[in-house]
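Generate coordinates for the entire structure from the input sequences, incorporating the hints supplied.
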Amino acid sequence: AQSVAQPEDQVNVAEGNPLTVKCTYSVSGNPYLFWYVQYPNRGLQFLLKYITGDNLVKGSYGFEAEFNKSQTSFHLKKPSALVSDSALYFCAVREPGDYKLSFGAGTTVTVRA
Amino acid sequence: EAQVTQNPRYLITVTGKKLTVTCSQNMNHEYMSWYRQDPGLGLRQIYYSMNVEVTDKGDVPEGYKVSRKEKRNFPLILESPSPNQTSLYFCASSSRRTGVNTGELFFGEGSRLTVL
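Listed in order, the protein sequences are those of chains G and X. The number in the numbering used here is simply the position in the first sequence, starting from 1, with 16 added. The number in the numbering used here is simply the position in the second sequence, starting from 1, with 14 added.
Keep in mind the hints are simulated off the structure, nothing from the lab. Beta carbons: idealized from backbone N, C-alpha and C, even for Gly. Mixed in with the good hints there might be a few duds.
[As the list claims (entries may be wrong)] The list that follows gives simulated cross-link-like pairs (lysine to aspartate or glutamate, DMTMM-like), each with its CA atoms no further than 20 Å apart:
hint: 1; chain 1: X; residue 1: Lys71; chain 2: X; residue 2: Glu93
hint: 2; chain 1: X; residue 1: Lys85; chain 2: X; residue 2: Glu67
hint: 3; chain 1: G; residue 1: Lys38; chain 2: G; residue 2: Glu80
hint: 4; chain 1: G; residue 1: Lys93; chain 2: G; residue 2: Glu31
hint: 5; chain 1: G; residue 1: Lys93; chain 2: G; residue 2: Asp114
hint: 6; chain 1: G; residue 1: Lys65; chain 2: G; residue 2: Asp114
hint: 7; chain 1: G; residue 1: Lys74; chain 2: X; residue 2: Glu76
hint: 8; chain 1: G; residue 1: Lys116; chain 2: X; residue 2: Glu93
hint: 9; chain 1: X; residue 1: Lys32; chain 2: X; residue 2: Glu93
hint: 10; chain 1: X; residue 1: Lys85; chain 2: X; residue 2: Asp70
hint: 11; chain 1: X; residue 1: Lys71; chain 2: G; residue 2: Glu111
hint: 12; chain 1: G; residue 1: Lys38; chain 2: G; residue 2: Glu24
hint: 13; chain 1: G; residue 1: Lys116; chain 2: X; residue 2: Glu15
hint: 14; chain 1: G; residue 1: Lys116; chain 2: X; residue 2: Asp52
hint: 15; chain 1: G; residue 1: Lys85; chain 2: X; residue 2: Glu67
hint: 16; chain 1: G; residue 1: Lys38; chain 2: G; residue 2: Asp101
hint: 17; chain 1: G; residue 1: Lys74; chain 2: X; residue 2: Glu118
hint: 18; chain 1: X; residue 1: Lys32; chain 2: X; residue 2: Glu76
hint: 19; chain 1: X; residue 1: Lys79; chain 2: X; residue 2: Glu44
hint: 20; chain 1: G; residue 1: Lys65; chain 2: G; residue 2: Asp101
hint: 21; chain 1: G; residue 1: Lys65; chain 2: X; residue 2: Glu118
hint: 22; chain 1: G; residue 1: Lys93; chain 2: G; residue 2: Glu111
hint: 23; chain 1: X; residue 1: Lys83; chain 2: X; residue 2: Asp70
hint: 24; chain 1: G; residue 1: Lys116; chain 2: X; residue 2: Asp73
hint: 25; chain 1: G; residue 1: Lys93; chain 2: G; residue 2: Asp25
hint: 26; chain 1: X; residue 1: Lys32; chain 2: X; residue 2: Glu44
hint: 27; chain 1: X; residue 1: Lys71; chain 2: G; residue 2: Asp114
hint: 28; chain 1: G; residue 1: Lys85; chain 2: X; residue 2: Asp52
hint: 29; chain 1: G; residue 1: Lys85; chain 2: G; residue 2: Asp101
hint: 30; chain 1: G; residue 1: Lys93; chain 2: G; residue 2: Glu24
hint: 31; chain 1: X; residue 1: Lys79; chain 2: X; residue 2: Glu67
[Claimed, not checked] Examples of chain G residues toward chain X, derived with CB under 8 Å:
hint: 32; residue: Phe62
hint: 33; residue: Leu72
hint: 34; residue: Tyr115
hint: 35; residue: Lys116
hint: 36; residue: Gly120
Okay, structure coming up:
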């Protein structure tokens, strides 16, 4: 069965500093990996995805993520965080041929001015 | 504008009073799904539908029903709500078309349900 772990409930960074949100996954085959962001009182918004190809994936709002097969990780990164990046971030995984997305518990990011 | 629309956005009800949360998408997506979000648990899938008249259970289906009579609509039905169904509910949809489907889900804005 597929699953995702986000080991940090909260991440706090100062504005302008690098931001990393960690995610590890478990699937039986090659994974499709996703990051979503949720702002207060809003639905989830798609940030980026890894399907195949280059291990470094670039997405919306300056975010990127690196797929590491040997470590089964897909960490989300942003070189310089903004206060407006404060939100709840979810990592998700699915297996090819399956339509179900399995989500992690989420990581709350707080960027202080 | 491509969107998934849920109603109501907020609802307070009492134990046992049947309610329906509607979901509609305008993207002609074949796949639709319901999730509930609870603190510390992330999103858990309740039910999903691969196409019209095709539905199946997700991870936490107990206490819920769904139907898919039209492609665009996927209502979630709580026949006899209980307090443990107090949660934030999300409807989502995705395309299944070859070359398009990579599993990206489009989410509604959420429906916050409180059962007293």
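**Request:** Could you tell me which of the numbered hints above are not met by this structure, giving the numbers in increasing order?
**Result:** Numbers 5, 7, 8, 13, 15, 22, 26, 28, 29 and 33 - these are the hints that the structure violates, sorted from lowest upward.
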